[in-house]
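What follows is the residue order along each chain.
Protein chains: 2
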Amino acid sequence: MRQFTAYTPTKIILGADAHRNVGAQVLEYGRKVLLVYGGQSLKSNGTYQDIVDSLEQSNLSFVELGGVQPNPKLSLVYQGIQLCRKEKIDFILAAGGGSVIDTAKAIAAGVCYEGDVWDFFVEGKAPKKMLPVGVILTIPAAGSEAGCASVITKEDTKEKRTLVNELAFPKFAILNPSLCFTLPKKQIAAGGTDIFAHVMERYFEPVGGNEFSDRLCEATMITVLELLPRVMNNPRDYDAWANLMWAGSIAHNGILGAGRQEDWASHNIEHELSAEYDIAHGAGLAIIIPAWMRYVYKKHPERFLQFAERVFGTKTSENTYLNSEAYKEEIIQTTIDGLEEFFRSLGQATRLSEAGIDDSRFDIMAKRATQKGSLGSFMKLETEDVLNIYRMAL
Amino acid sequence: MRQFTAYTPTKIILGADAHRNVGAQVLEYGRKVLLVYGGQSLKSNGTYQDIVDSLEQSNLSFVELGGVQPNPKLSLVYQGIQLCRKEKIDFILAAGGGSVIDTAKAIAAGVCYEGDVWDFFVEGKAPKKMLPVGVILTIPAAGSEAGCASVITKEDTKEKRTLVNELAFPKFAILNPSLCFTLPKKQIAAGGTDIFAHVMERYFEPVGGNEFSDRLCEATMITVLELLPRVMNNPRDYDAWANLMWAGSIAHNGILGAGRQEDWASHNIEHELSAEYDIAHGAGLAIIIPAWMRYVYKKHPERFLQFAERVFGTKTSENTYLNSEAYKEEIIQTTIDGLEEFFRSLGQATRLSEAGIDDSRFDIMAKRATQKGSLGSFMKLETEDVLNIYRMAL
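So the sequence lines, in the order shown, correspond to chains A and B. Start counting the first sequence at 1; every next residue gets the next number (this note's numbering). Start counting the second sequence at 1001; every next residue gets the next number (this note's numbering).
Be aware that a few hints might be false.
Stretch by stretch, here's where chain B covers chain A in the computed footprint (C-beta under 8 Å, at least three residues) [to be verified]:
| hint | stretch |
| --- | --- |
| 1 | 14 to 20 |
| 2 | 118 to 127 |
| 3 | 209 to 215 |
| 4 | 253 to 267 |
| 5 | 294 to 306 |
Honestly, the hints are just simulated from the structure, not real lab data. All C-beta atoms, glycine included, are put in the ideal place defined by N, C-alpha and C.
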């Protein structure tokens, strides 16, 4: 096990009516709120009005910034920063999923900084101060509600980059499972795939000696595999949503990676895809993960055998010819096929060609993905490796 | 799943040399430190000197309060409060296990309160302010390093009572697995039993619908069952200790109970035992848990079957006569016997009589355990039930 610091200060509040009391939470930190959200669904399902009512009950004033898109854009962050300065905002409330939350975090960092907020995403500079951010989560997916990262895309250069800083942990995250009842199936599938990916990027690591977090990762992956089909089949299954929301927060608040050498190659490879083609991050992961697995598994096949046994329930150890390399290979291939089939069963494309993407931009995406150096730790990936993974995903 | 608030703000720092930089951590919160610890082992193994060196390097002054005993006493808490006031202490550093940490927390609450600190333990009063507390953990057991509870015993009345308050979360907890290499086996066994108990008190709950935290609890119990024998056999197994320390913190920082109706009857029944006989808390739990299980399992046998299958690896679902009640009964009995045997394999007594305790105080202990009302939620236990459990444990 590697040395680690685990810090998860975000207060998680889960409950059927939890968001109706958001004003009381905000009051601990600010008086003038910027409410950040995405599209019309927040208004049409009544959540917007619930939030406004609660803010008003707590005598909080607010201005709003709607229109956040998937793969959130830097231009809207700049707009938010200007708005905060003009209106003397002291708290940012994000009501939505990862894109909304990441936009809120980027604005929170930019408001307190004289330079260009993009410095934090590409220059390695660290914010010294940020406005406090709170979250009302409307879809379990990105895990941004309990994490300290923000992923933003610069439109003109199509760069998708990440800020990671302890100041970016939201003060609180309100999880109301009922808010998920009306989500489109496509978003549910992509969100669940993203949660799975956050665990798997930590799970497949080369160090070993992490028996406890192995088990925690496996527990979280099994939960996604079991409960995601449940909410796909019955979108009003409160308990299934509650478990998925909680799993989504734990999956990406850092504790599942404590002591591990995390990988994150699949995420980086996917980021280029969604920056280039603007497909949803989770949808891109459903395509990239199986290809990444097929490309790297030979580096540490024992990790994949453990995954097969504990997550997919394959009884590897009972088979008499376990020690045959061919049999191990078969188990691993079958398991990766099984995961691809799981993603497909959620209605997702698992090949680039199925998503209407050809090989014309592979070169440029592979170069951009590796412009800061090789990717991953389970297997170090150079530009050529990333290119091969795109090709395998075709 | 029930609604919940999960809040785990303690920063966990795990590493081989982590405690040598404690001064830098303390500096974020205070300038004048009370160093609380137990006996001579802290000095004889060099840890005391490492701490002093680090505090001095950070130009922090300190006074010390040694001599904390297992089942920590209120009288020492009073002594610590007086010392803090006299020396104008602004930070309390606990170096030890649960007793030391709980003493530090109680002092931290008492210093900022004009009345008797015992009010917080028996009167239901909540502290409004506490001094900041930091921890250097020397044994994985109580989980107090990452939790917001303090358990203190009032000597004259033999009452063992608990304070629970968000202010009692330590600011940081430093976990250095190497500090565990020289622990006596008896303490290792009792500590591991306590960790197991913290999970099991959350796991056996009547509500259901907690698929995710079921899995997290199971992951943590399996970790204890697998790694505790490893450190018993090889006390210098760094990775095993690292995993156990991390499991010990997660076991009791609250997240494993999120959404669940926790039980805590075994803890309360044991508390009377260790208040009356001054045996170690974990040693008492090794006796009480199997008796509690045998007394309550019929209330929700399906929970015990899941425990048998997922934690003990009993293949309940493959057996053709699973639906036979007698067979289910047999699986459950065998599993409880197996857990008792596990505790015994660590060198622990699993019956009161083996620990030299007879039935002469059962009545008074059962009455005291239930003086505020019934115990538990898996099965509600009245005075007579507690008495029966003591009898079963004889």
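Do the hints match the structure? See the list:
1. 14 to 20: Holds: 4 residues of the stretch 14 to 20 of chain A have a Cβ under 8 Å from chain B.
2. 118 to 127: violated (count 0)
3. 209 to 215: That given contact holds, which follows from 6 residues of the stretch 209 to 215 of chain A lying within Cβ reach (below 8 Å) of chain B.
4. 253 to 267: With 3 residues closer than 8 Å to chain B, the stretch 253 to 267 of chain A meets the three-residue bar; holds.
5. 294 to 306: violated (count 0)
Consistency note: the structure conflicts with the earlier hints numbered 2, 5.
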